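**Student:** The listed protein sequences correspond, in order, to chains C and A. Under numbering that gives the first Met the number 0, think of the first position of the first sequence as 0, with each following residue one higher. Under numbering that gives the first Met the number 0, think of the first position of the second sequence as 0, with each following residue one higher.
Keep in mind that the hints were calculated from the coordinates and are not lab data. Fair warning: this is a prediction, and the values are worked out from it, not measured in the lab. It is possible that part of the hints are untrue.
Copies of the same chain look alike in the list, so a pair counts if it fits in one copy or across any two.
[Unchecked claim] Simulated crosslink set (DSBU-like; lysine-lysine; CA at most 35 Å straight-line): (1) K28 / K331; (2) K355 / K403; (3) K28 / K403; (4) K390 / K319; (5) K331 / K403; (6) K162 / K382; (7) K234 / K319; (8) K114 / K355; (9) K24 / K85; (10) K37 / K403; (11) K162 / K355; (12) K104 / K347; (13) K37 / K380; (14) K24 / K403; (15) K104 / K403; (16) K24 / K331; (17) K28 / K2; (18) K144 / K20; (19) K319 / K37; (20) K2 / K347; (21) K380 / K234; (22) K319 / K162; (23) K224 / K85; (24) K216 / K24; (25) K20 / K403.
2 protein chains.
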Amino acid sequence: MVKVAVLGYGTVGSGVVQVIKDNQKYVSKKSGTDVDVKYILDLRDFPGDPYENLVTHEFDDILNDPEVSVVCETMGGVGAAYKFSKACLEAGKSVCTSNKELVAKNGPELLEIAKEHNCSYLFEASVGGGIPIIRPIMDALAAEKIESILGILNGTTNYILTKMKDEGADFDDVLKQAQDLGYAERNPEADIEGHDACRKIAILSSLMLGQTVDSEKLHTEGISKITGADFTYAKAMGKSIKLLGVSEAGENEDEVLAFVAPFMIDESHPLAMVNDVFNGIFVTGNMVGNTMYYGKGAGKLPTASAVVADVIDAARHVGKNVPCYWEGKEAKLLDFNEVSHSFFVRVKAEALGEIKSLVPGGEVVNADVPGQAGILTGEIKEKDFAAIESKLGEKILGKIRVYKEN
Amino acid sequence: MVKVAVLGYGTVGSGVVQVIKDNQKYVSKKSGTDVDVKYILDLRDFPGDPYENLVTHEFDDILNDPEVSVVCETMGGVGAAYKFSKACLEAGKSVCTSNKELVAKNGPELLEIAKEHNCSYLFEASVGGGIPIIRPIMDALAAEKIESILGILNGTTNYILTKMKDEGADFDDVLKQAQDLGYAERNPEADIEGHDACRKIAILSSLMLGQTVDSEKLHTEGISKITGADFTYAKAMGKSIKLLGVSEAGENEDEVLAFVAPFMIDESHPLAMVNDVFNGIFVTGNMVGNTMYYGKGAGKLPTASAVVADVIDAARHVGKNVPCYWEGKEAKLLDFNEVSHSFFVRVKAEALGEIKSLVPGGEVVNADVPGQAGILTGEIKEKDFAAIESKLGEKILGKIRVYKEN
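The following block holds chain C by itself, in its conformation from the complex (with noise of 0.2 Å):
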């Protein structure tokens, strides 16, 4: 018998009591053991909730409980979800989360805690919410280096490119829609901006390296400045536009590239396919080739589903630690300035001349956007297209880096 204390009662607490009791047949046959919610912990009442008689607002009833052996931190933030996963994990309850933003930052430190005390720190649903990725990279391409990640990782941004292509609609237009509709938040910083989809890459990049990568240091774009101009070129070359988290194994084994920014892939590419709030994440291993893993990658259910997969395999390891290859040392991060990308460049009209002075190989790209032109330069290092930004100032009116397969 394995008892589960949840930490905050919001979308993704609430979904993982739901999936705990409706699936409870499922989950303690995986588990080899019966699984049930012993304790809710939140700083709110619920009155009329099915499950109110379990909630606590003390931690300590968790924490001093010897029957919990199994928590999920499913309260978001670093500061009281920091400091009640470390203190479960040293009293040796094992801690499932889906909180990104302290995986990103304390991850490490709170797995190397967790294998002092003889349990572990799971956060299966930190990234890709429902699709097992996590566990694919650790496990089933365990025998692999893993030369690449790339990867479609926020909901929000994908919805609002996907509706911008398929509806030819405007930025502002299609953000507020999602805003209403829940997909984005009131506040869409985090997303837009690409924050998230940056902690993401970097947990992802940490488990490829089994060295820390710092979400701070990561050069980081979002997709404010994408216009419904950018899919109509986008069109006329037979690609898609996608907010890619991109993550590229360095020569050395403790070195590695990193970064979030809007990209033009192929329409024939698996990732052009994934739409909506859906993700995708490309692996590249050196045996196994590229492999994709697709889904739903936020919402209420399939993050719940992640965190309790991860409850099972706590569940299964009782005093015990499931290892993960994630040490504090700091990776060496290669300088985005000295890549080299493609990119697509859409300038006011009667600058095409001199930007293509300027560019390697400019080839024009003809689509019916008055008063503009777009442009697909060759490769140039970043600092280079930087310096040309620089020197046209307003007459470059958006660039968008253009995926190449290797």
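Go by the hints and put chain A onto chain C.
**Tutor:** This is chain A only, laid out in the frame that chain C set:
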């Protein structure tokens, strides 16, 4: 230190040795102990091979060596492979296999023997080659009631269908081309008639239910009757033709509908972009919704990578059983004849009126195929459509089921 023996030094077996040797650093790190190959069992000698000194012709060398704790069965077939696997498990040695035929036939028995002898029978490589699919179903989706599995499970047929679509080529020509390229065997029946996909969907169905689905009892159709004209009509409807393994959980716990047949699916369905020798598997759970797994479904190194992922799992659990929820009890197969599908039917032009009068909701499909007509039926039971087929005889030139999302 974990010593491994590889049974059968053919394509996959030599791949396993290569993955363990070339990626030894990663394999050992993830195993938490040094892993190396001690024996290769084969009837042949391999003079000049870098590992010829590991080759033995005597299975007993392996069976009687207490240092060997993990055995990779990459022989294929259900004769010696069964005998050797059983003997190894009875001796407490874990067995990792790519042998789908043996897993489909004797999986539950070998799993039970492994459990009794505190070792493991692992078969990630038996379905989807290098694609992580067994583990996601068993572990990452452990909290789910899995409702359905839909997969492109055979690379040879997917290669042929992709070429037929892209090049407008005929089945026989593409098959010959595939044979010349080594993508299809000289005796291609197991692939093109769907038997290979059938064994794989039987394994996945068994894992979905936790009970045994006998591959020999499943309705199985291959792709040898698909023609260029079918692709002409498919294109007119915005659809792709794919050979799918289908498994749908029934209303009762032990019921399942499982079969293999070519389908027309919408171009916008994620499986439609699974082309060439790639495989894609769509798994739907009651909480997580749709998830998909994509990668190379066959080939030396991808398949070997999956075997070695199992070796790592076995190495982490020496002396213990890695549980698998698959009982020997036979699941109840729902009657294929009672299932309803919508059909695309290709008929001689003069028979259009007749078939239209016989099927529900017949919608004419316009495509420029001389002397032929195409019709899309409403939902009709398999047995009722079979009766119409008997009645019309040679007037019906072809039929393909149309996949409809629930």
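**Student:** Under the constraints set out in the numbered hints, which ones does this structure not fulfil?
**Tutor:** 4, 7, 8, 10, 12, 13, 20, 22 and 23
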